[in-house]
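> So you can see what is in the structure, the chains are spelled out below.
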Amino acid sequence: MGYKKYAYPKTVIMKVFSEFLRKIRSEHHLSQEGLRALLNEKSHSFDSLDTISISRWERGINTPSLTKQSEIAEVFGVDLFNIYSSDADFVEESLYAIQFSAGEKNDKVTHPYYNNEQYQIEFIHSEHVKFEQFLKLCLVYEGNPRLLPTHQEKISAALLTSLTLVSALCNFSQLVGHCLFCKVNTKALFEFMNNSIGILDLLASTQQHQANVLVVFSSFGVSPQIDNHMMSVYLNQLATDKTIEYLSFSTCDSKLKQKLMQMKIPMFKVKPIEQNAKIIQNYSFIMSRSEVMANRNMLMLSVIPTRDMQPTTTGI
Amino acid sequence: MNILIVDDQQFVREAIKADLAENTLHNKVKTFEAENAQQGIEAIVAMKGNIDLLILDLKMDNSDGMEVINFLSVQSRYATIPLAVISSSDKRTLELVNSIACGLKLNVVGVFEKPIDMDTILTETRRLQSVSQNPLEVMATTAVSDYDITQLLADEQVLLCFQPQVDMKSKAITGFEVLARMYDENGYIYPDTFIPLIYEIGLNAQFTKIIIAKAFKLWIHEANLSGYTLSINITAQDLINNDLINFIIRQKQAHSHIKLILELTESQEIMNQASVLNSIARLIINGIRISLDDFGKSYSTYERLDTIPFNEIKIDRSFVCDIDTNEQHRLIVESTIALAKKMSVNVVAEGIETESVLNILDDLGCDIAQGYLYSPPMEGRYLNAWINRYEHREVSGNDK
Numbered sequence: 456m457g458y459k460k461y462a463y464p465k466t467v468i469m470k471v472f473s474e475f476l477r478k479i480r481s482e483h484h485l486s487q488e489g490l491r492a493l494l495n496e497k498s499h500s501f502d503s504l505d506t507i508s509i510s511r512w513e514r515g516i517n518t519p520s521l522t523k524q525s526e527i528a529e530v531f532g533v534d535l536f537n538i539y540s541s542d543a544d545f546v547e548e549s550l551y552a553i554q555f556s557a558g559e560k561n562d563k564v565t566h567p568y569y570n571n572e573q574y575q576i577e578f579i580h581s582e583h584v585k586f587e588q589f590l591k592l593c594l595v596y597e598g599n600p601r602l603l604p605t606h607q608e609k610i611s612a613a614l615l616t617s618l619t620l621v622s623a624l625c626n627f628s629q630l631v632g633h634c635l636f637c638k639v640n641t642k643a644l645f646e647f648m649n650n651s652i653g654i655l656d657l658l659a660s661t662q663q664h665q666a667n668v669l670v671v672f673s674s675f676g677v678s679p680q681i682d683n684h685m686m687s688v689y690l691n692q693l694a695t696d697k698t699i700e701y702l703s704f705s706t707c708d709s710k711l712k713q714k715l716m717q718m719k720i721p722m723f724k725v726k727p728i729e730q731n732a733k734i735i736q737n738y739s740f741i742m743s744r745s746e747v748m749a750n751r752n753m754l755m756l757s758v759i760p761t762r763d764m765q766p767t768t769t770g771i
Numbered sequence: 008m009n010i011l012i013v014d015d016q017q018f019v020r021e022a023i024k025a026d027l028a029e030n031t032l033h034n035k036v037k038t039f040e041a042e043n044a045q046q047g048i049e050a051i052v053a054m055k056g057n058i059d060l061l062i063l064d065l066k067m068d069n070s071d072g073m074e075v076i077n078f079l080s081v082q083s084r085y086a087t088i089p090l091a092v093i094s095s096s097d098k099r100t101l102e103l104v105n106s107i108a109c110g111l112k113l114n115v116v117g118v119f120e121k122p123i124d125m126d127t128i129l130t131e132t133r134r135l136q137s138v139s140q141n142p143l144e145v146m147a148t149t150a151v152s153d154y155d156i157t158q159l160l161a162d163e164q165v166l167l168c169f170q171p172q173v174d175m176k177s178k179a180i181t182g183f184e185v186l187a188r189m190y191d192e193n194g195y196i197y198p199d200t201f202i203p204l205i206y207e208i209g210l211n212a213q214f215t216k217i218i219i220a221k222a223f224k225l226w227i228h229e230a231n232l233s234g235y236t237l238s239i240n241i242t243a244q245d246l247i248n249n250d251l252i253n254f255i256i257r258q259k260q261a262h263s264h265i266k267l268i269l270e271l272t273e274s275q276e277i278m279n280q281a282s283v284l285n286s287i288a289r290l291i292i293n294g295i296r297i298s299l300d301d302f303g304k305s306y307s308t309y310e311r312l313d314t315i316p317f318n319e320i321k322i323d324r325s326f327v328c329d330i331d332t333n334e335q336h337r338l339i340v341e342s343t344i345a346l347a348k349k350m351s352v353n354v355v356a357e358g359i360e361t362e363s364v365l366n367i368l369d370d371l372g373c374d375i376a377q378g379y380l381y382s383p384p385m386e387g388r389y390l391n392a393w394i395n396r397y398e399h400r401e402v403s404g405n406d407k
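Quick note, the sequences are listed as chains A and B, same order. Here the numbering used here is used: the first residue of the first sequence is 456, the next is one more, and so on. Here the numbering used here is used: the first residue of the second sequence is 8, the next is one more, and so on.
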């Protein structure tokens, strides 16, 4: 059940992993039996592993789940992102998957001002002339009262430098997608999720504590393709920065919430926020790096390179 | 569009129908009616769930809407039916029902106070529908019912994650609770998804056996873990299974140094069965400690206190996580801790995420702390690294 549905990505995954396994086994001068014994010794996920399975994995007849692949890779000091991002076929397949989902159901994504034109992705620094304007736009879209500090509070420019704002623009000025994220420490993040501290305290905490979690506040694209592309930006950031242990979302956007749930990410908590006599739900998600890498959708998005982009101003 | 109205008052149903006729193009809407929960459930089954909107009254003569909500939640094929709950109850009750229905992962359009405005409900239904039809995913993911749990279990596609428990006073790590994950080629599968499926097909004892076997293997293999308690969840249904009980006792006898704690979640109906109590007695005689899990969450709480010679109470995270802001929850937690002290049993608080909650629990005299403040559940292979970092104060929670 459920094993034949997406033949193509599955084939590529199988190919990438079989190549990795053969390479790693020869590099470490291990026989198939030697590899079996090593894995057996290292993890109880391989208690019933036999050399027949290893042989099938290597010949690309079969492949273990990403969860198991991840454990195997870690035994040899690499992670799935290293393996999959360096395979051109897999990266291409991932890019194709993003575009495919846009093209297939085109009629449903017709947007008042966007007709699948070319778009550019741009990192907007906090010093950028349009930073404030774009930040406002995406905060309005997000509608999360917690992201809007009260007017009395003065926002220092230094605080905003820890925010990363990425926009997708078509025709050089029309905003067709954005994402807003920040690297913080889990301790401050849980305070924020529980409403013990506000957004400014969260941003300020980056100056005292080593960041270990990437938290996304807003992520949106007018078409599924742009939406996925935006997601790939921060997933790629997470994948390439090994100091980041967790991925988190804190959002009031029910569309993003729904997308995450469809991607099988468990919701961590829902906090109602009362604003102008209206109740707004604030959704939080948190998952570990290993959960991200074992999630096929997320792994595919994370390998899409953001190399054409300007460096970010994240981190101080 | 098929609309099912479940309400005991005929005039309400008529009013809704009249409203619908006004708000929608004629002929496009077909309405169905039921006057109590049972009839409603029968109608859902008869219509094979082919319902575009279910309008459900919360309080009806002889029955209540919760019956229908519970039915929708256990029958996963009906969980996607758009549900609009209507009621004349107060705001707090409406919020409660909303959070229950959302927690059960039902397709909630909203909870609406009577008198209702059909136009609002229909608009909201359509909006949610358009959102859910938007092809957002990279690829379609398999539906919940598509998981072949039997096969995943046969392949032992089960992964153990662990969450640390810490002594409130000394800040020393006391043990770990096992939190199971399953996985397929798409990623992790979480207990709220697979546990109901496992119970539905009656593989719960086999599942618990796999968890215990894997956890024991890790505790045997990693000698430095043996000082820590190993807490594993078990249900009353598991306790009926003699094979499983024998297996657990054999494991414990073979590895008597492992400090096994079984965290018992309730199931009211069978908790008092002689066979369940018999199993508990056998476990205790063999040096296995019993912890009452999710304490306070169910009505059977006090009955359990009376019949089971347990060693530990675990206060449910839903009470703990906001005791710094929720006075009611703080009172519940406070009295639970006081009760535990009087009975001379340990109290573990789950769901600690912030320092302020931790400090209140410390003041209240709670013994052991567990929660994301220390660590989210982590895979077994990262346990030693985490312990090492905790002891060198490189991760949060060990500030003293």
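Please keep in mind that the hints were generated in silico from the structure rather than gathered at the bench. Treat the hints with caution; some may be incorrect.
To be verified - As a list, the in silico DSS-like pairs of lysine-lysine whose alpha-carbon atoms are at most 30 Å apart:
hint : chain 1 : residue 1 : chain 2 : residue 2
1    : B       : Lys24     : B       : Lys35
2    : B       : Lys98     : B       : Lys216
3    : B       : Lys304    : A       : Lys733
4    : A       : Lys733    : B       : Lys178
5    : B       : Lys35     : A       : Lys726
To be verified - Short, incomplete list of chain A residues facing chain B, as computed with Cβ under 10 Å:
hint : residue
6    : Thr466
7    : Val467
8    : Ile468
9    : Ser520
10   : Met648
11   : Met716
12   : Met742
13   : Ser745
14   : Asn752
All residues carry an ideal CB built from backbone N, CA and C; glycine is no exception.
> All hints are to be evaluated individually against the structure, with a verdict given for each.
Verification of the supplied hints:
1. Proposed proximity of Lys24(B) and Lys35(B) is supported: the alpha carbons are some 13 Å apart, at most 30 Å.
2. With a CA separation close to 45 Å, the supplied pair Lys98(B) and Lys216(B) exceeds the 30 Å bound.
3. For the hint linking Lys304(B) to Lys733(A), the alpha-carbon distance of about 29 Å falls within 30 Å, and the restraint holds.
4. For the suggested pair Lys733(A) and Lys178(B), the alpha carbons sit about 42 Å apart, so the restraint of at most 30 Å is broken.
5. Only pairs whose Cα atoms come within 30 Å are accepted, and Lys35(B) paired with Lys726(A) is rejected, the gap being roughly 38 Å.
6. About 12 Å separates the beta-carbon of Thr466(A) from the nearest beta-carbon of chain B, more than 10 Å, and the hint is not met.
7. Interface restraint check: Val467(A) against chain B, minimum CB-CB distance 13 Å, threshold 10 Å, status violated.
8. Taking 10 Å as the C-beta contact cut-off toward chain B, the hint placing Ile468(A) at the interface holds, the least distance being around 8 Å.
9. With a cut of 10 Å, the hint placing Ser520(A) at the interface with chain B holds, because the nearest CB-to-CB distance is about 5 Å.
10. Restraint check, Met648(A) versus chain B: the minimum CB separation of about 7 Å is within 10 Å; hint holds.
11. For Met716(A), the interface hint holds, the least distance from its beta-carbon to any beta-carbon of chain B being 8 Å, beneath 10 Å.
12. Restraint check, Met742(A) versus chain B: the minimum CB separation of about 8 Å is within 10 Å; hint holds.
13. The restraint placing Ser745(A) at the interface with chain B holds, with a minimum CB-CB distance near 6 Å, inside the 10 Å limit.
14. Interface restraint check: Asn752(A) against chain B, minimum CB-CB distance 5 Å, threshold 10 Å, status holds.
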